[in-house]
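> Sequence:
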Amino acid sequence: MNFQLWSRQIDSIIRLELKKYVFARRWLGVYLLGLAPILLFGVRMSFFNRRQLLETVYATFFQFYLLRFAIFFGCFQIFTQLFRGEILEKTLHYYLLAPVRREVLAAGKFLAGLIAGTAVFGGSTVATYLLAFASTGWGDQGLQHLAQYIVVVMLACLGYGAVFMLTALLFKNPKGPAMLLLGWEWLNFFLPAFLQKFSIVHYLQSICPVSVSRGPLAVITAPTSAWYSVPGLLLLTAMILAVTSFMIRRVEVTYSAD
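Residue numbers for the sequence shown follow the working numbering, so the first one is 298 and each next one is one higher.
Incorrect hints may appear among the rest.
What the hints assert, rightly or not - Computed cross-link-like contacts, DSBU-like style, restricted to lysine-lysine with a CA-CA straight-line distance of at most 35 Å:
1) Lys316 with Lys469
2) Lys469 with Lys387
3) Lys387 with Lys494
4) Lys317 with Lys469
Stated by the list, open to error - Computed spacing ranges between beta-carbons, pair by pair:
5) Ala431 with Glu386: 22 to 30 Å
6) Ala444 with Ile412: 17 to 25 Å
7) Lys472 with Ala539: 23 to 31 Å
8) Leu302 with Ala523: 13 to 21 Å
9) Trp435 with Leu393: 30 to 38 Å
10) Leu332 with Asn299: 38 to 46 Å
11) Thr388 with Gly420: 27 to 35 Å
12) Leu484 with Thr388: 36 to 44 Å
Worth flagging that the hints you see were computed from the coordinates, not collected in a lab. Quantities reported herein were computed from a predicted structural model and do not represent experimental measurements. Glycine is no exception: its CB is placed at the ideal position from the N, C-alpha and C atoms.
Please construct the entire structure, taking both the sequences and the accompanying hints into account.
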């Protein structure tokens, strides 16, 4: 096993993929999902001047807009295009003909998507958090809360990214499965306690520093400890990537079918 060669190849793939993200028009929607709330959130925060209220408002914004909507659809756009986009543009064969193991190719593309997603939505999180507490100050735990939100963003990109990269390989049109997953994640708090644990958002919410009300119809469950949530999400991602790597080894490009 030549780990040095693989690491250099992964680094080259990441650099090449990130250049595509910066200059490709198809990523405009991702940028808008991450940047639009900065302006909107800045305007809305002028109506709130109590720190305790601001924490609740920001937590609600983060969990319901950023986590369940922006990051979800942003990761869908980024990670479903990692291989599917190459097939549609008839460029995947350049990668497959290169002397690179397909597992290495999958790892490089996934890490590039993870970096791009974390940069966009992590930057959006930092900007909106600064805008939210610009007038009242961060308080004693402000920096810690911001760090927790950024960790949640990274883990969300990790989990959703792995799911969507695999989905794009399993289905010609990944939008259908993505909509089913979106419904499952959004309705998670209405499900029985046992079923709530079979969702990514359940574990992400457990790491968020401030809890939010989910309404009178929500099924209240004890949050999973971060000591279980983080390793659990990492293990899930590793398992999905292992399946993805297995499938990549058997991919045959047939552009005429697309």
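> Now tell me if each hint is right for this structure.
We went through each hint and held it up to the structure:
1. For the suggested pair lysine 316 and lysine 469, the alpha carbons sit about 25 Å apart, so the restraint of at most 35 Å is met.
2. With a C-alpha separation of about 15 Å, the suggested pair lysine 469 and lysine 387 falls inside the 35 Å cut-off, and the hint holds.
3. At most 35 Å may separate the alpha-carbon atoms for a hinted pair to count; lysine 387 and lysine 494 exceed this at roughly 39 Å.
4. Distance check on the hinted pair: lysine 317 and lysine 469 sit about 22 Å apart at the alpha-carbon level, within 35 Å; holds.
5. A C-beta distance of roughly 43 Å is found between alanine 431 and glutamate 386, which places it outside the suggested range of 22 to 30 Å.
6. The given range of 17 to 25 Å is respected by alanine 444 and isoleucine 412, whose C-beta atoms sit roughly 18 Å from each other.
7. Distance hint for lysine 472 and alanine 539: a CB-CB separation of about 25 Å, consistent with the stated range 23 to 31 Å.
8. For the hinted restraint 13 to 21 Å between leucine 302 and alanine 523, the CB-CB distance of approximately 36 Å leaves it violated.
9. Between tryptophan 435 and leucine 393 the beta carbons are some 49 Å apart, a value that contradicts the proposed interval 30 to 38 Å.
10. Between leucine 332 and asparagine 299 the C-beta distance comes to about 41 Å, which sits within the given range of 38 to 46 Å.
11. The given range of 27 to 35 Å is respected by threonine 388 and glycine 420, whose C-beta atoms sit roughly 28 Å from each other.
12. The supplied range of 36 to 44 Å is met by leucine 484 and threonine 388, whose beta-carbon atoms lie about 38 Å from each other.
In summary, the structure is inconsistent with hints 3, 5, 8, 9 from the numbered list given earlier, while agreeing with the others.
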